[in-house]
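Colleague: Residues per chain are reported as follows:
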Amino acid sequence: MSTTVTAPPVDPDAIAAEVAQSRAGKWARLAIQQGLVVAVVVGWAVWRNGADFKAESVEGRSLAWGQILQLTGQHILLSVVTTVIVLVLAIPLGIVLTRRHTRRLAPLVVGVANIGQAAPAIGLIVLSALLFNIGFWPAVGAVSLYGLLPSLRNTIVGLEQVDQRLVEAGRGMGMSAPAVLFRVELPLAVPVIVAGARLALVLVVGTMALAGFVGAGGLGLLITTGIKLSRISVLISGALLVAALALIIDWIGRVVEEFARPKGI
Amino acid sequence: MSETTAAPATADQHSSSGASITLTDVTKRYPGQRNPAVDAFNAEIAAGEIVMLVGPSGCGKTTTLKMINRLIEPTGGSIVIGGEDVTRINADQLRRRIGYVIQAGGLFPHMTVAANIGLVPGMLRWDKKRISARVDELLELVSLDAGQYRNRYPRELSGGQQQRVGVARALAADPPVLLMDEPFGAVDPITRQRLQDELLRIHEEVPKTIVFVTHDFDEAVKLGNRIAILKEGAHIAQFDSPDTILANPADEFVEDFVGHGSTLKQLTLTRVDEVELEPATTVTIGEDARDAAARAKTDGNTEVLVLDERRRPVRWEEVKDLERDGGSVPRGQGQVDVIGRRATLNDALDTMLTSSQGCAVVTGRGDEFLGLVSVESVMHAIQSARDTAREQNLGITGRTTMQADA
Amino acid sequence: MDFWQFMAQNQSKLTFLSWQHVWMVAQCVFVATIIAVFVAIVVYKSPAGASIANALSAIGLTIPSFALLGLLIAPLGLGVGPSVVAIGFYATLPIVRNAIVGLAGVDRNLIESAKGMGMGRLRTLVRVELPVAWPVILAGIRVATQLVMGIAAIAAFVGGPGLGGLIFEGLSQLGGVNAVNKALSGTILVVLLALVLDLVLMFVGRLTIPRGIRV
Ligand SMILES: Nc1ncnc2c1ncn2[C@@H]1O[C@H](COP(=O)(O)OP(=O)(O)OP(=O)(O)O)[C@@H](O)[C@H]1O
Ligand SMILES: [Mg+2]
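Residue numbers (my numbering), protein chains in the order written: chain H, 10 to 274; chain S, 71 to 476; chain G, 822 to 1036.
Rather than coming from a laboratory, the hints here were simulated on the basis of the structure. Heads up, some of the hints might be wrong.
Derived, one-sided and incomplete: chain H residues facing chain G with beta-carbon distance under 7 Å [what the hints assert, rightly or not]:
no., residue
1, Ala-115
2, Leu-117
3, Pro-129
4, Ile-131
5, Gly-132
6, Val-135
7, Gly-215
8, Leu-219
9, Leu-244
Beta carbons: idealized from backbone N, C-alpha and C, even for Gly.
All chains, full assembly: derive it from the sequences and hints.
Modeller: Written out as structure tokens, the structure is:
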């Protein structure tokens, strides 16, 4: 399989490109993104404050501040739990799959991950609800599965990208295999792995918009409610808030990446 | 429109020879720079002449060259090619009539060799048959077998072969003018020397006007009818024939640039075909080995040069091996480094030093064997060059013989 | 009912939905490719333009598809409209990114050669830059196709055509006999068809990428 820019559906290219992007370009991008989000959220809040819904109407109930906060909290909780599960599985597995003896399996896993990428998230979530009941954990389980493959692939690619000469140099200095892993490979792969973690989080936040379908709540519930009951204002509120949440999480992730970057890389 | 004046005229004749180029006060001032990169450059280049532009990095060679085909628009002055002011011609039409070769060929990787060479004729709306015939003809001209290389892609060629295709592509529409910007800068010395020989041979067959940028003074001496040595801002330090520049550097700048060791430089001035070639005992593949051995003995040689059916050198064979093996001479394995007729004695010396025969094999058109240059004939040439240099220097007061002896 | 039995019994419906799904995705990706390449051509020469396009593409990909679908209902109503627009939107983004990378990555020497032999701006673009960038653009098309196969399934909720309908039918019959079969067949078919499309695109690559620039 090819691994250059011309490679098939592999997002690590994008990550690598982003990692390599110029500083100024990055900050400009972050500024654009945050400007957009702040405009949307503030605009929506102003509208919501000014709007006068009857307390017992659909709008009144769905868009009550308390309800919005609760849904947002649910959404974040779902996403964080899922992302933690994904990363706890993906990173060690990725490390195992890039060791000398198991390395041959890595392309296989990357290939399966590429196929898995095409699995429709909605299908997994609905199946999970049908098979294991509706609610929090089935949603978390389905989305974890959905997010696992891309994250695993990012970890593998991140580790493989580490210059093999440096690994050899470490070896040559008499470092043990674990020492090389923890003192050379992982530190050098940090930017790519962190970027991968951010991507996983953003992917999960976006996918969790579908959790509303299976009774797990989250901001997506506003969208489904809005569509089912033909309440455009609820629908749009939900859509804007979900989008804003994803963009904010992405933004935070990028800022953290900028500051957490190991010196000298 | 300009197209009608510019277009085919030259493209339809069988093989056009060069056109003259006149540059008058040509100036290029890049925006935001205090001094012009090229400051009032003047040159008169005759049709069919090879003019070399040399000078330190950043002196404006490339800029000057690219103004001739308007890849860079001059900010002042005029450029006239074959009596036509180039600024009056549509730039694209103009460039189709000027061959352009850059370092590493600039071949299009997604097109075959044939497609690369056929591009400009295609743009000039030649019909398919004519383009195809032209491609074969050009591949032949640059010593590549058409059948073998036509349908290859650039990355399936060696660096030297790519450069040959680059030259063939530039010659495709039979342009009267060829512009070359350090075309042989990226190939190894042996390949470079062969490419230079080939360029000279091609130039004999199709005498284009060539403007050639290089920073290798030896290359300039070898290829150029005249050399323009440029200083910062493309100011001409000296513009003369190689002999004159070597014998009479105009100023210290030129002297430094030419370097010391002018006697050795004389080796670059003398061509292989100006010294007497010596014969070799040869045998064609398939002929009787013992006969050849006998002939070699009469000639007083211990080695025989094996040639193929087209008289191209294949390898050297020792007489005692021929006698031992007998029968007809096989193709066998081996390789002979050859030089062209227009190669310099310097090239010949280089080749000799790497061969075990103590001589260099000279080939002509189609790599056909012509004869040998031996160390003795090179020594002889050095000797006579020294003698003439002495005589000249005796006549010129003020100049010492120091350089000749250095 | 057993899954395979279900598949066999509903063969014609499944075939129809599959075809609908693939056809919608194929058309959208085709249009997206044209738009994306056009956008890339406009911006790739200017570093600022390229950065902005890349940033917007990344931001666009961050917006959850379900949210965008929701937003599109307001102006476009339910049905094919929002589905097609959303799918086209998400398909465009990765292609824009790759097309910019591909076009910006074309060796300067090639462009200079093209100019030097008298090719105009348009001809250089069509005969040199786009063909050389094509493998990278095609890689973007493949990423885009995989991405929107899944998004198209979600689009069924806003009335879009295709296999997503099966999944939502399954959801609405929670506890019913064929609920799982429906959701399962919809999901599996989307994955399979995505694979098929990827193979098709790989084959397109074989046919359209000259040997000289194949990796
Ligand atoms: N596009 C440009 N914009 C601004 N300045 C330029 C540009 N191209 C060249 N220059 C400047 O013009 C001068 C001449 O450049 P040119 O490329 O002609 O040099 P050169 O003699 O070909 O050098 P080299 O041997 O390194 O190729 C240099 O000082 C260079 O910095
Ligand atoms: Mg130059």
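Colleague: Determine for every hint whether it applies to the structure shown.
Modeller: Evaluation of the provided hints:
1. Ala-115: This hint is violated: Ala-115 of chain H lies away from chain G, its Cβ roughly 19 Å from the closest one there, beyond 7 Å.
2. Leu-117: 15 Å, violated
3. Pro-129: This interface hint holds because 4 Å falls under the 7 Å limit.
4. Ile-131: Cβ of Ile-131 of chain H sits 5 Å from chain G, so the hint holds.
5. Gly-132: Holds. Min distance 3 Å.
6. Val-135: 5 Å, holds
7. Gly-215: 3 Å, holds
8. Leu-219: For Leu-219 of chain H, the interface hint holds, since the closest Cβ of chain G sits about 6 Å away, which is under 7 Å.
9. Leu-244: This interface hint holds because 5 Å falls under the 7 Å limit.
Comparing the model with each earlier hint shows violations of hints 1 and 2; every other hint is respected.
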